[in-house]
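Visitor: Please put together the full structure from these sequences, using the hints given.
Chains H, F and X are the protein sequences, given in the same order.
In this text, residue positions in the first sequence follow this note's numbering: the first is 1, and each later residue adds one.
In this text, residue positions in the second sequence follow this note's numbering: the first is 1, and each later residue adds one.
In this text, residue positions in the third sequence follow this note's numbering: the first is 1, and each later residue adds one.
Hints listed in this document are in silico derivations from the structure and should not be mistaken for laboratory results.
Watch out, some of these pointers could steer you wrong.
Listed next, the stretches of chain F that the computed footprint assigns to chain H, with coverage defined by at least 3 CB atoms under 8 angstroms from CB atoms of chain H [claimed, not checked]:
1) 17–23
2) 33–43
3) 82–90
4) 101–114
Taking lysine-lysine pairs in the DSS-like style, the calculated list, with each CA pair at most 30 angstroms apart, reads [claimed, not checked]:
5) 309/H - 295/H
6) 26/X - 211/F
7) 233/H - 295/H
8) 295/H - 245/H
9) 233/H - 245/H
10) 29/X - 211/F
Note that beta-carbon positions come from the ideal geometry of N, C-alpha and C, so glycine has one too.
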Amino acid sequence: MQGNTACAEGAIAAGCRFFGGYPITPSTEVAEHMALRLPKTGGVFIQMEDEIAGIASVIGASWTGKKAMTATSGPGFSLMMENIGYAVMTETPCVIVNIQRGGPSTGQPTMSAQGDMLQCRFGSHGDYSVIALCPASVQEMFDLTVDAFNLAERFRVPVFLMADEIIGHMRERLIIPDSVVSGQRVPLEQGALPFRAGEDLVPGFPTFGMGYGVHVTGLTHDERGYPCATSPKLHEDLVKRLVSKIEGARDSIASYDMVNPEAETVFVSYGAPSRSVQQVLHDHPGDGIGHLRLKMVWPFAESLLSRFKNAETFIVPEQNLGQISREIERHVDGDVIPVPKLGGDLHTPDDLYRVLAEVR
Amino acid sequence: MSEEEWLRQDRLPHIFCAGCGNGTVINCTLSAVEQIGWKKQDTVFVSGIGCSSRAPGYIAADSLHTTHGRALAFATGIKLANPALNVVVFTGDGDLAAIGGNHFIHACRRNIDITVVCMNNMIYGMTGGQGSPTTPAGGLSTTTPYGSEEPAFDLCVLASAAGANYVARWTSYHVRELTRAILTGLETPGFSFIESLVQCPTNYGRRNRFKQVTDQIEYFRSHTILVEKAGRMKEKGEEVPAGMILSGEFVRRNRPALGVRQ
Amino acid sequence: MRLQIDEHRCKGCNLCTLVCPYRIFKPGKQANRRGVVIPELDRPERCANCRLRNLYGRTLCGTCQMICPDQAISWVEEDAHVPKKVAIEY
Ligand SMILES: Cc1ncc(C[n+]2csc(CCOP(=O)(O)OP(=O)(O)O)c2C)c(N)n1
Ligand code: SF4
Ligand code: SF4
Ligand code: SF4
Ligand SMILES: [Mg+2]
Numbered sequence: 001m002q003g004n005t006a007c008a009e010g011a012i013a014a015g016c017r018f019f020g021g022y023p024i025t026p027s028t029e030v031a032e033h034m035a036l037r038l039p040k041t042g043g044v045f046i047q048m049e050d051e052i053a054g055i056a057s058v059i060g061a062s063w064t065g066k067k068a069m070t071a072t073s074g075p076g077f078s079l080m081m082e083n084i085g086y087a088v089m090t091e092t093p094c095v096i097v098n099i100q101r102g103g104p105s106t107g108q109p110t111m112s113a114q115g116d117m118l119q120c121r122f123g124s125h126g127d128y129s130v131i132a133l134c135p136a137s138v139q140e141m142f143d144l145t146v147d148a149f150n151l152a153e154r155f156r157v158p159v160f161l162m163a164d165e166i167i168g169h170m171r172e173r174l175i176i177p178d179s180v181v182s183g184q185r186v187p188l189e190q191g192a193l194p195f196r197a198g199e200d201l202v203p204g205f206p207t208f209g210m211g212y213g214v215h216v217t218g219l220t221h222d223e224r225g226y227p228c229a230t231s232p233k234l235h236e237d238l239v240k241r242l243v244s245k246i247e248g249a250r251d252s253i254a255s256y257d258m259v260n261p262e263a264e265t266v267f268v269s270y271g272a273p274s275r276s277v278q279q280v281l282h283d284h285p286g287d288g289i290g291h292l293r294l295k296m297v298w299p300f301a302e303s304l305l306s307r308f309k310n311a312e313t314f315i316v317p318e319q320n321l322g323q324i325s326r327e328i329e330r331h332v333d334g335d336v337i338p339v340p341k342l343g344g345d346l347h348t349p350d351d352l353y354r355v356l357a358e359v360r
Numbered sequence: 001m002s003e004e005e006w007l008r009q010d011r012l013p014h015i016f017c018a019g020c021g022n023g024t025v026i027n028c029t030l031s032a033v034e035q036i037g038w039k040k041q042d043t044v045f046v047s048g049i050g051c052s053s054r055a056p057g058y059i060a061a062d063s064l065h066t067t068h069g070r071a072l073a074f075a076t077g078i079k080l081a082n083p084a085l086n087v088v089v090f091t092g093d094g095d096l097a098a099i100g101g102n103h104f105i106h107a108c109r110r111n112i113d114i115t116v117v118c119m120n121n122m123i124y125g126m127t128g129g130q131g132s133p134t135t136p137a138g139g140l141s142t143t144t145p146y147g148s149e150e151p152a153f154d155l156c157v158l159a160s161a162a163g164a165n166y167v168a169r170w171t172s173y174h175v176r177e178l179t180r181a182i183l184t185g186l187e188t189p190g191f192s193f194i195e196s197l198v199q200c201p202t203n204y205g206r207r208n209r210f211k212q213v214t215d216q217i218e219y220f221r222s223h224t225i226l227v228e229k230a231g232r233m234k235e236k237g238e239e240v241p242a243g244m245i246l247s248g249e250f251v252r253r254n255r256p257a258l259g260v261r262q
Numbered sequence: 001m002r003l004q005i006d007e008h009r010c011k012g013c014n015l016c017t018l019v020c021p022y023r024i025f026k027p028g029k030q031a032n033r034r035g036v037v038i039p040e041l042d043r044p045e046r047c048a049n050c051r052l053r054n055l056y057g058r059t060l061c062g063t064c065q066m067i068c069p070d071q072a073i074s075w076v077e078e079d080a081h082v083p084k085k086v087a088i089e090y
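Guide: Structural data, given as structure tokens:
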């Protein structure tokens, strides 16, 4: 099965019952498969007039209690930014799939890239935190989509599936389990303040139509949900809670593969370039090469890096000019060597082995 | 229940300036909602950004105050995901026709079963009085200091052409007619669009010959003409005097609609 | 019933003075503590609601209430008549 189709199947398995989006290469197959499948599962598919409307409809649907998703790529992702911030501020669970292609602008519609990794973290205005997952196989397009929904429900936050064209269009064997763990947002206790959070910093969800009479706004709001946009303290407390509920959980929700934690030289990768790293490790067994493959890139669990106690060098192959290698530099004392690759082709195992040889 | 019970008492008085027509349109909408007998629990109010879009914040039902121009796209998601909900959208002329223009025509085309109440004050109220797509030619605003040189949108003609099932226009002077039009909109399956011209004394009136709040209301009273009458005049070859506001029903029809409760 | 303007809500726009067929609302003359000039009521008992609202169980006319942008106009029950003991001294 194709990666994009696996993503759509994962969404449906996770209980997604609403898709609103706008076609764009190389993500379109996600929408097309949802259009085929959702009506047969009691769900709703709608092709909106643009990506701004796509994400808006998803947020609206989510407030009725439905698990909802959209899928896009570069230009559409840029259009979604304002409403992504709205979803963060209003704590709306939703899943946004970005099958990354070459940018900037219309760039390379059919070629793979990982150039939106910082945009998904910082692209909307203001301070905030989100969750981003990066699949490296067709199976993970399914599995991580399921995870994305569960995390969105649990943290009431937009969760991104930051795939790339290579994984989205790759065909591999997919095993669809009979059932998947499907988390549900915790309902708000009747009578409780709608935006007052407990210890986990995530307030209960007041689904529309259940008699809560909740006011939801993107303005800075108090625990009643009422706009209160001029109190410095209230704003600071709200933004800090929105950030802490994600960042405070980064170690407990971290998702990764770790190979050879004793290694001195360690590859760090996510998405398609992980395949090349895996090939290097496969071709050079017993070579003592370490590998950290991040399935969750945001929030960035820096503690994983320190688990490589002997690491002197981190090599970071990415299909961009070094977006996550910069993040790694912030956290480690050793050398960080970005291996950027633009244009759509993947790093070959030889490319990576050559860098390794130079470093050693 | 009474209209008063639809209001969030703990948030009144509201932020609108003295004499702002938005408050009147809220009254008319709540009266219509009350008359049709909808329950708070089943009713959702959605809006974009602007003074007019603050309206849902004063209503004690579920409400989504969204981003500038996008209310209709959010509302489409709500209505399709749960057609059992009654969805009413409050919007302004800038919110609906400028930044949200594309969502507007597509919501009309889809004929999605929601009711849209547009408070058209012919200006960007919230941001301090810039020109909008409905600022009349010659109208003064902070961004048209020499008078607007662009032709204005006729929102009702636009909604009619794009496929809405019900389209009407009144003003904040015509509280009864406006209430009745909104009620008809709520009752009509499919997309209902009710435009209410409203006074913005602070940012429009002041700059455009309406010194007192009451002046613009007087103008609304004396410068409206029923669509039908204007039509008959045109048939007879008479001219409808310039500056007249065409009011009444523009369209009432039964095109196939989306998101209607089964 | 008694017609009243909620002083905390009224912003003094005078729209009510424009629409009442009995001209019950007259532009006020003096600003209150919040600087709002609240309209004065001229023989408000002339409003049909004062006599008949309870009888009909709904608001009659009601134009002033509808146009008031600040939800400031309402009819409230008259205070129950409390007979006072008056000592009359001859
Ligand atoms: C994306 C975006 N652009 C601009 C603004 C600034 N803005 C806020 S309200 C507004 C205009 C509102 O005009 P209208 O919809 O007519 O509402 P009114 O205040 O007149 O009722 C603008 C431009 C914004 N909030 N978001
Ligand atoms: S600026 Fe205009 S539209 Fe906004 S509240 Fe004041 S009068 Fe109303
Ligand atoms: S219409 Fe309402 S706000 Fe305006 S003066 Fe009359 S009572 Fe006051
Ligand atoms: S209800 Fe009618 S008659 Fe009575 S005060 Fe209001 S406008 Fe006047
Ligand atoms: Mg306006």
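Visitor: Could you run down the list of hints and mark each one as holding or not?
Guide: To see whether the hints hold, each was checked on the structure:
Under the rule that three or more residues need a Cβ within less than 8 angstroms of chain H, the assignment of the segment 17–23 of chain F is violated, with 0 such residues. Against chain H, the segment 33–43 of chain F contributes 3 residues with a C-beta closer than 8 angstroms to a partner C-beta. That satisfies the three-residue criterion, and the hint holds. Counting residues of the segment 82–90 of chain F whose CB lies closer than 8 angstroms to any CB of chain H gives 3, which reaches the minimum of 3, so the coverage claim holds. Against chain H, the segment 101–114 of chain F contributes 3 residues with a C-beta closer than 8 angstroms to a partner C-beta. That satisfies the three-residue criterion, and the hint holds.
Of the pairs offered as hints, the one joining residue 309/H and residue 295/H holds, with about 21 angstroms between alpha carbons and a cut-off of 30 angstroms not exceeded. Distance restraint check for residue 26/X and residue 211/F: the Cα-Cα separation of roughly 19 angstroms lies within the 30 angstroms cut-off, and the hinted pair is therefore satisfied. Distance hint between residue 233/H and residue 295/H is unfulfilled; the C-alpha atoms sit about 36 angstroms from each other, more than 30 angstroms. Of the pairs offered as hints, the one joining residue 295/H and residue 245/H holds, with about 20 angstroms between alpha carbons and a cut-off of 30 angstroms not exceeded.
Distance check on the hinted pair: residue 233/H and residue 245/H sit about 18 angstroms apart at the alpha-carbon level, within 30 angstroms; holds. As the CA atoms of residue 29/X and residue 211/F are separated by approximately 19 angstroms, the hinted pair is consistent with the 30 angstroms bound.
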